[in-house]
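There are 2 protein chains.
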Amino acid sequence: MVRDLKHRIKSRRKVTPPLEGVAFEYGFNTNLLDYWTDYWVNKYNFTKQEASLNQYPLFKTKIQGLDVHFAWIKPKVNCNCKTVPLLMLHGFPGSIREYYETIPLLSSGCVNGIALELVVPSLPGYGFSDGATRPGFGPTEMSTVLKNLMKRLGHDKFYVQAGDMGAFVANMMITLYTKEVLGYHTNFAVSYSPLSLATWFSAAYDTSLVVEPALESRMFPLSEKIKSYVTSTGYLHLQATKPDTIGVPMSDSPVGLLVYILNLFSYGARKDSSAKFNGDLDLFSRPDDVLDNIMMYWVPDSFTTSVRLYSEIFNTRTVKKGIYAKSTAVPVWTTHTKSEIIYQSPIVLSFKYTNILNSTVYDDYGHFFAMEAPDVFAESVWTAIHAFEDYHYKKGCKDEL
Amino acid sequence: MVRDLKHRIKSRRKVTPPLEGVAFEYGFNTNLLDYWTDYWVNKYNFTKQEASLNQYPLFKTKIQGLDVHFAWIKPKVNCNCKTVPLLMLHGFPGSIREYYETIPLLSSGCVNGIALELVVPSLPGYGFSDGATRPGFGPTEMSTVLKNLMKRLGHDKFYVQAGDMGAFVANMMITLYTKEVLGYHTNFAVSYSPLSLATWFSAAYDTSLVVEPALESRMFPLSEKIKSYVTSTGYLHLQATKPDTIGVPMSDSPVGLLVYILNLFSYGARKDSSAKFNGDLDLFSRPDDVLDNIMMYWVPDSFTTSVRLYSEIFNTRTVKKGIYAKSTAVPVWTTHTKSEIIYQSPIVLSFKYTNILNSTVYDDYGHFFAMEAPDVFAESVWTAIHAFEDYHYKKGCKDEL
Chain C
1 MVRDLKHRIK SRRKVTPPLE GVAFEYGFNT NLLDYWTDYW VNKYNFTKQE
51 ASLNQYPLFK TKIQGLDVHF AWIKPKVNCN CKTVPLLMLH GFPGSIREYY
101 ETIPLLSSGC VNGIALELVV PSLPGYGFSD GATRPGFGPT EMSTVLKNLM
151 KRLGHDKFYV QAGDMGAFVA NMMITLYTKE VLGYHTNFAV SYSPLSLATW
201 FSAAYDTSLV VEPALESRMF PLSEKIKSYV TSTGYLHLQA TKPDTIGVPM
251 SDSPVGLLVY ILNLFSYGAR KDSSAKFNGD LDLFSRPDDV LDNIMMYWVP
301 DSFTTSVRLY SEIFNTRTVK KGIYAKSTAV PVWTTHTKSE IIYQSPIVLS
351 FKYTNILNST VYDDYGHFFA MEAPDVFAES VWTAIHAFED YHYKKGCKDE
401 L
Chain L
1 MVRDLKHRIK SRRKVTPPLE GVAFEYGFNT NLLDYWTDYW VNKYNFTKQE
51 ASLNQYPLFK TKIQGLDVHF AWIKPKVNCN CKTVPLLMLH GFPGSIREYY
101 ETIPLLSSGC VNGIALELVV PSLPGYGFSD GATRPGFGPT EMSTVLKNLM
151 KRLGHDKFYV QAGDMGAFVA NMMITLYTKE VLGYHTNFAV SYSPLSLATW
201 FSAAYDTSLV VEPALESRMF PLSEKIKSYV TSTGYLHLQA TKPDTIGVPM
251 SDSPVGLLVY ILNLFSYGAR KDSSAKFNGD LDLFSRPDDV LDNIMMYWVP
301 DSFTTSVRLY SEIFNTRTVK KGIYAKSTAV PVWTTHTKSE IIYQSPIVLS
351 FKYTNILNST VYDDYGHFFA MEAPDVFAES VWTAIHAFED YHYKKGCKDE
401 L
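Heads up: the protein sequence lines correspond to chains C and L, in order. First residue of the first sequence? That's 1 in this note's numbering, and the numbers climb one at a time after it. First residue of the second sequence? That's 1 in this note's numbering, and the numbers climb one at a time after it.
Don't take every hint at face value.
For lysine-lysine, the following BS3-like pairs were computed, each having C-alpha atoms within a straight-line distance of at most 27 Å [unchecked claim]: (1) L:Lys60 to L:Lys14; (2) C:Lys10 to L:Lys6; (3) C:Lys14 to L:Lys10; (4) L:Lys157 to L:Lys394; (5) C:Lys320 to L:Lys14; (6) L:Lys320 to C:Lys227; (7) L:Lys60 to L:Lys151; (8) L:Lys227 to C:Lys326; (9) L:Lys227 to C:Lys227; (10) C:Lys14 to L:Lys60; (11) C:Lys225 to L:Lys227; (12) C:Lys82 to C:Lys151; (13) C:Lys271 to C:Lys338; (14) C:Lys60 to L:Lys14; (15) C:Lys10 to C:Lys157; (16) C:Lys157 to C:Lys74; (17) C:Lys43 to C:Lys14; (18) L:Lys321 to C:Lys225; (19) L:Lys10 to L:Lys48; (20) C:Lys6 to L:Lys14.
In short, the hints are calculated from the structure, not lab data.
Start from the sequences, fold in the hints, and give me the full structure.
Structural data, given as structure tokens:
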């Protein structure tokens, strides 16, 4: 595997240089490719990194016919501590690796009487989890599989944390399984309810109706936001329509996979990353982190099955189910980094999430929040979990009265 | 080159099988891949096909700093025959190879007193023509380079034939160089004038305003047409925004390139090709034809520079020039095959082309018209050229009166 991979990387053809003066505006700046391929072949320590990827207890279990791969980290706590389960759902082009820096900060022990038991699955079709063999396995079906995973691990009720594609699945989960999900912490709070979108778009002439002045530039001007989405979502469009076509080169060419994924890491880094010659890829301090994540696609050869999720999300069959539009009363805690690719204010979100306990707005960080700032991320999760527990405690008291 | 290519094809990784019951709806059906890769490695005769690709006189000349590669076929005629020059502009993912079957039918001699001298260039950035090194080299700049190519070959005035991306360039050429272009034959007549689009879209409630009943289904219902475009143009979206990213895997993986291009040949074949397990790829009778065309991307490694044209077309800089919206009085002859990916009726087209001499509607064939039906295609070109010549003759008589 490693020898074949190195051979493929080293035998790559000479790439077309970028146009003069261009950074990432036309996509990945190929001037950077030598650095990354040299690092991957000569500096990335495959043995050490494999051990690092295996540092947490990893399991597989078959649910509804699909092998689901997951990390399961139980905290070491004494009996004075209440342990609550947290299901963490990664995104694309991410993997469970996104959470590796933050896992120790969340599982190390008891914080104010509470400890977290973490369940971090590869989404079906991602990493070492099986993809479906039949069409129609979308975010709703996936949310059922993951709910059943938690049930199998002994958790009828649990918390959920998610970003990016994981948040699509989590949105379904908190709408379909309102009794099972005790609370939802998300760094990718997006409502696809028509009411949310109508409210957002119709506020273009008086933005103060939906957003406070300090955050206005995160939602408006609409024309600029839309232009930015259109410019950046070609990958999404292709994956949502022809996943099996783009899957073949990504499975065959590690250099192609590298460039494709690095382009998205750059997109998720900072608002203006495409104007930087290094695409802000250095924000992820170690190339090892990003390459680990790419290995989670290369080794199990799971690119095709992973991007099929886009096709299952963005089709009329899924939209017609109406779950995107349906609201949920599950308590929600949202975080909003400065360069997250989409920002919706609490008013806009409220059509989907009727019970937002808190929205934390950061003046820094990007889309890959857990990888970029694991400590800040972990702190937010802890705060949210305590708030959720308080909420349920108080609600329990009320219900008893 | 060939040994390296064969090695890359043979060492491809096992691909993900298609979802059960799925044809081309999720992209290329990977069940077909063995057939194509086996054919490419074991049956495609590289030596013979190279000779076949070189069967016409090929030249290179530097224009405005760029080497332009072109086939130049002069007819053998006697002095009773008038020779007129025809510039033929291929598309994407096509190449000059698209015209190879039709070239003999157009250049063989004198037809009713007229012979054609064919100039068939690789668009700048395509095949063996240089791509630009600076950003901003779009369809307008390209049209100037190609006009200058014709001038260098001794033709101040000439005819143009084009489809697909070539038609984008030709649209510019007939708008900017109305004196040089004597007439335009196109199998991809599309007006991007806002007036055309407004007329088309606003006729949704009374389609008879813009199209005769027999052809209504080629333009309406709009919702269905738009859905079909959205479903099929992920490739375009990605190429128009991140050409350098998708360029890397296409340059590195011949299997990836094969699948990507075959998917587009399937898209251009028939309206319902995505529901066929073979994607209607057998409509192109010989795999050799399609593989020849793919070799025109692989050998010169020109995928990246070719798809940058999409970025230069679909950006505000090009749109703001206003040339898309500007009409032209150059005489135009349009052909409309049954499965062409877009159909605009003469009324809709008239905002761009004010002088349409004829529209021929076919009840068969697809987007790759010249490759699929070279005889029908050639006959249409001949008819158009004669009509153009008549037009100019009569206009000349009038002008003399």
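Exercise. Measure nothing beyond the straight line between the CA atoms of Lys6 (chain C) and Lys14 (chain L); if it is 27 Å or shorter, mark the hint as holding.
Key: This hinted pair holds, its Cα atoms lying about 18 Å apart.
Pair hint outcome, Lys157 (chain L) versus Lys394 (chain L) [Cα-Cα no greater than 27 Å]:
Measuring from Cα to Cα gives roughly 17 Å; hence the hint holds.
Review point. Is the straight-line distance between the alpha-carbon of Lys321 (chain L) and that of Lys225 (chain C) 27 Å or less?
Key: holds (23 Å)
Worksheet item: Between Lys227 (chain L) and Lys227 (chain C), does the CA-CA distance stay at or below 27 Å?
Response: Judged against 27 Å, a Cα distance of about 20 Å means the pair holds.
Hint consistency between Lys14 (chain C) and Lys10 (chain L) [alpha-carbon to alpha-carbon, up to 27 Å]: holds (20 Å)
- prompt: Has the given pair, Lys60 (chain C) with Lys14 (chain L), been kept, meaning a C-alpha gap of at most 27 Å?
  reply: holds (23 Å)
For a C-alpha distance cap of 27 Å, please report whether Lys157 (chain C) and Lys74 (chain C) respect it. OK: Lys157 (chain C) and Lys74 (chain C) at ~16 Å, within 27 Å.
- Task: Compare the distance between the alpha carbons of Lys60 (chain L) and Lys14 (chain L) with 27 Å, and conclude whether the hinted pair is satisfied.
- Result: Status violated; Cα separation ~40 Å.
query: Do the alpha carbons of Lys271 (chain C) and Lys338 (chain C) lie within 27 Å of each other, as the hint requires?
result: Answer holds: Lys271 (chain C) to Lys338 (chain C) is near 8 Å, not above 27 Å.
Between the alpha carbons of Lys10 (chain C) and Lys6 (chain L), is the straight-line distance 27 Å or under? At roughly 17 Å apart (the allowed maximum being 27 Å), Lys6 (chain L) and Lys10 (chain C) satisfy the hint.
* Are the Cα atoms of Lys320 (chain L) and Lys227 (chain C) separated by 27 Å or less? -> OK: Lys320 (chain L) and Lys227 (chain C) at ~15 Å, within 27 Å.
27 Å Cα cutoff - pair Lys320 (chain C), Lys14 (chain L):
violated (35 Å)
When held up to the earlier numbered hints, the structure conflicts with 1, 5 and 15 and fits the remainder.
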